[in-house]
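With the sequences and hints as input, model every part of the structure.
Spelled out, the chains give:
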Amino acid sequence: MSLNLTQFIGQSALIVSLVTGIFGVFFGLYITLARPNILSKQFTMLRVCGVILVTTIAMACGMLVICLLTDDFSLLYVVEHSSSQMQTPYKLAAFYSGQAGSLLIWSLVIAIGLLLQNFSTQSSEDALTHTILSVIVVLFLIPLVWLDSPFASSSGDFTEGIGLNPLLVDPTMLIHPPMLLTGLASTGVPFALAFGAIIRGKNSTEDMAQLRKWSLISLLVLSAGNFLGAWWAYTVLGWGGYWGWDPVENCALLPLLPLVTFLHLYPIYKRSGAFKNWILIATCMSFALAIFGTFNVRSGLIASVHSFAQSEIGPYFLGLLGLALLAPLVVAAINRPDEEGSIEYQSFSSRETGLIFNNFLMVAIGLVIFGATIFPVVTEILNGARVVVGPPFFVDTVGPLLVVLLVLLSVTVHLLWGNTPKHHFIQEVRLPSLLALLGLVTFVVYGLRGALGVTSVFFALLIIGGHVQTIFTGSRETLQTSDKTLITSTLSLMRRYGGYFAHVGLAIMALGIIGSSIMEERARVIVSPGEQFIVGSYAFEYTDLWGNRPSVNGIEIEAGTNIEMREPGSNSVVDTLRPGRRFFFVAPDQPVSIVDINSNLLRDVYVFTQGWNEEKAAEIQIIIKPLVQWLWIGAGIYIAGLFLCFTPEKKIRAA
Amino acid sequence: MKHFGLRILVLGAISTLSAFVFFEKTVESQTPETDVSSQALSIEEQLRCPVCANEKLSTCSLAICNDMKQSIREQLAAGRSADEVILYFVESYGEEIRVSLGIGGVNLLLWMWTGASIIFPLAIGYTLLFRLKHTQR
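Top line first, the protein sequences correspond to chains A and B. When the letters of the first sequence are read in order and numbered with this note's numbering, they come out as residues 30 to 684. When the letters of the second sequence are read in order and numbered with this note's numbering, they come out as residues 320 to 456.
Wrong hints could be hidden among the right ones.
To be verified - Across the chosen pairs, the derived CB separations fall in these ranges:
1) Ala442(B) / Ser41(A): 52 to 60 angstroms
2) Thr188(A) / Ala435(B): 26 to 34 angstroms
3) Ala442(B) / Leu463(A): 33 to 41 angstroms
4) Asn627(A) / Ser400(B): 49 to 57 angstroms
5) Ala442(B) / Glu341(A): 37 to 45 angstroms
6) Arg450(B) / Glu341(A): 45 to 53 angstroms
7) Ser580(A) / Ala435(B): 36 to 44 angstroms
8) Val474(A) / Ser356(B): 37 to 45 angstroms
9) Pro296(A) / Ser400(B): 54 to 62 angstroms
10) Ala372(B) / Leu121(A): 24 to 32 angstroms
11) Asp402(B) / Gly185(A): 43 to 51 angstroms
12) Asn412(A) / Ser356(B): 32 to 40 angstroms
13) Gly230(A) / Arg450(B): 19 to 27 angstroms
14) Glu585(A) / Asp402(B): 48 to 56 angstroms
Calculated from the structure, these hints are not laboratory results. The beta carbon of each residue, even a glycine, is placed where N, CA and C say it ideally should be.
Right, here's the structure in full:
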């Protein structure tokens, strides 16, 4: 079958990138083994490899984008994922909706990481990092060239494509998947740095600082990807939740946990040199879990063991997963580990206790989520029937562990390095506790019930109060010992406070989660036009049906209900909500929900409709979710906090 | 005596909160559940769609789920209790129809894994801290 020009350029670019990657592996290896004193000319060669790699993969991506934008249905990928009726942004979204597109993003992100790493330092040790990153890129390019090329020709004479998966036709989908894929792929760089250090058997403080920087980048992007996914689930899926403990969601969450572990052990390492080897292994595990997520989604294993068996790429990814998981462990076991510093541990009531305990708590949370995520596969292998593990299991098991995490966060910020005198701790915790207690009373008055909810709210409020107090007192103390103003002394401590802001963001998110789950009011009614009903403190009137034919993005019909929302006893309409259903040409019997939400800072009124009959009687669900907006606000503060962690450490000039 | 008033205030707040927290179920059980629709919704929340992956019956709009929802309403109207309705669907579709995971059978494996996943890391963490403390001494 003949190739058109874009196909030819795209396929050729992939082959050139693969060859360059393989060359990079061997050249990096040669420098690592044979030339410990690296010459600048040789390092320039490595950089050229990186530039060619990024350019050719970007070129392949560009060619695929051109094919999607020009509706080139001679490509199988365009037929399967796009359609001429789709708007331009959704044609771009079709890029990563398939397996080949997402593998291209993986390759591009890791290649960019390799290039940035090459340009940031110049030593023979970095040649090893280059080698490992090149191996990873090559391993992702191999399936793109041989197993699942995005430039494969379609077998028929197609004039139209199937279009995007209906669930992906939403603006959030333009940013959530690429963000998540970038986050998952970015874990490859800290993996290469950590694995390199394990292979060498030694690493410097500068190496660990590099590792911290890249782990922070991965954590930031992955977290943002997860938050956007939660937002998409909330606004599109029409079940009123934002996190369903679905295997795909769990797979996106798991790589975060080792990164959090590393970043919280890093301060101990920096003070004493302890936990170095554990930090390196944890960083490697993050990448292995990112591969596990991709393997889980792409191999068909989530759907069934049988789809995995039929998948061409499944066994390949299983091998890749095994390699990412076992290689660092085996090398660490063979190599004599670098001497670790010894921690000066004086007392249980010290900051070290909080940070170390956090590490083991993360391991526990990770193992529970991992076990429950693969359990359907285990049961299918054991007795042929898949046992789906739903949200109640996670709420019962991970929920209490997250409460322990809140307790830990609220206490650790007040603990000192080495030993914390009792009177100091009581003095520090007194005001935040009192404020948290008052805040809790307010929550209880507004309907909070249940031991888990009450405990979580108290400690979340304690975290907020405690961290704000610590930021304020820290800045004031710095102010007293320097010639800066309060604002500039606070800014000078932004790197440390970034972590505190992230904790405050998490605590605010916890309040949003508890408010919107434990305190929610849910009702379902079947009503005819003109009928009124009351849910919570609002009256609703279903006035009539609405409908239109957008004829874009594969949508055949959009239709739904007009619902007027009023304050009880008042005739003035607060809002007219228009929940409905979106029917697609490709799957007319699988409509997608159109959710409508009336939001303010205290609550969301979340409305969706499940259908209507010929007499226009409609089934409507209304969920009043208190404080859910605080989940998104907290997420924003958390992300802002992570950004602050990138600020360089500044020395305070004494007055 | 300096902080006596403050302590009384804190104790009072804790006692009031405890009353709210621990008497929650008693208060709830006094509310008669007469509304069939809200009872039906509560049952739908405890059952999953037999076709979709990990979707609750309450939010699924497939034809089979609409039939199941109709059946729930009819059974409740006929005077069956919520437990009886759920049991009816468990007998028809198996234990997998429940959203919550049972403890027996193969599920025991997951519960054991979960127990071990929590106990072992935390025990190792405690042992490590304990040893570190005594080594320093």
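Status of each hint after checking the structure:
Checked against the hint of 52 to 60 angstroms, the pair alanine 442(B) and serine 41(A) passes, with Cβ atoms roughly 57 angstroms apart. For threonine 188(A) paired with alanine 435(B), a C-beta distance near 57 angstroms fails the hint of 26 to 34 angstroms. A beta carbon spacing of about 35 angstroms between alanine 442(B) and leucine 463(A) agrees with the range 33 to 41 angstroms that was offered as a hint. For the pair asparagine 627(A) and serine 400(B), the supplied restraint of 49 to 57 angstroms is violated, since their beta-carbon distance comes to about 36 angstroms.
For alanine 442(B) paired with glutamate 341(A), a C-beta distance near 43 angstroms keeps the hint of 37 to 45 angstroms intact. Checking the proposed 45 to 53 angstroms range against arginine 450(B) and glutamate 341(A) shows it holds: the Cβ atoms sit about 50 angstroms from each other. Between serine 580(A) and alanine 435(B) the CB atoms are about 56 angstroms apart, so this pair departs from the stated range of 36 to 44 angstroms. Taking 37 to 45 angstroms as the suggested C-beta distance range, the pair valine 474(A) and serine 356(B) does not conform, at roughly 28 angstroms.
Between proline 296(A) and serine 400(B) the beta carbons are some 56 angstroms apart, a value that agrees with the proposed interval 54 to 62 angstroms. For the pair alanine 372(B) and leucine 121(A), the supplied restraint of 24 to 32 angstroms holds, since their beta-carbon distance comes to about 28 angstroms. The hinted range of 43 to 51 angstroms is not satisfied by aspartate 402(B) and glycine 185(A), whose Cβ atoms lie roughly 55 angstroms apart. For the pair asparagine 412(A) and serine 356(B), the beta carbons lie near 38 angstroms from each other, so the given range of 32 to 40 angstroms is met.
Taken as a hint, the range 19 to 27 angstroms holds for the pair glycine 230(A) and arginine 450(B), whose Cβ atoms sit roughly 25 angstroms apart. Taken as a hint, the range 48 to 56 angstroms is violated for the pair glutamate 585(A) and aspartate 402(B), whose Cβ atoms sit roughly 42 angstroms apart.
The structure shown violates the earlier hints numbered 2, 4, 7, 8, 11 and 14.
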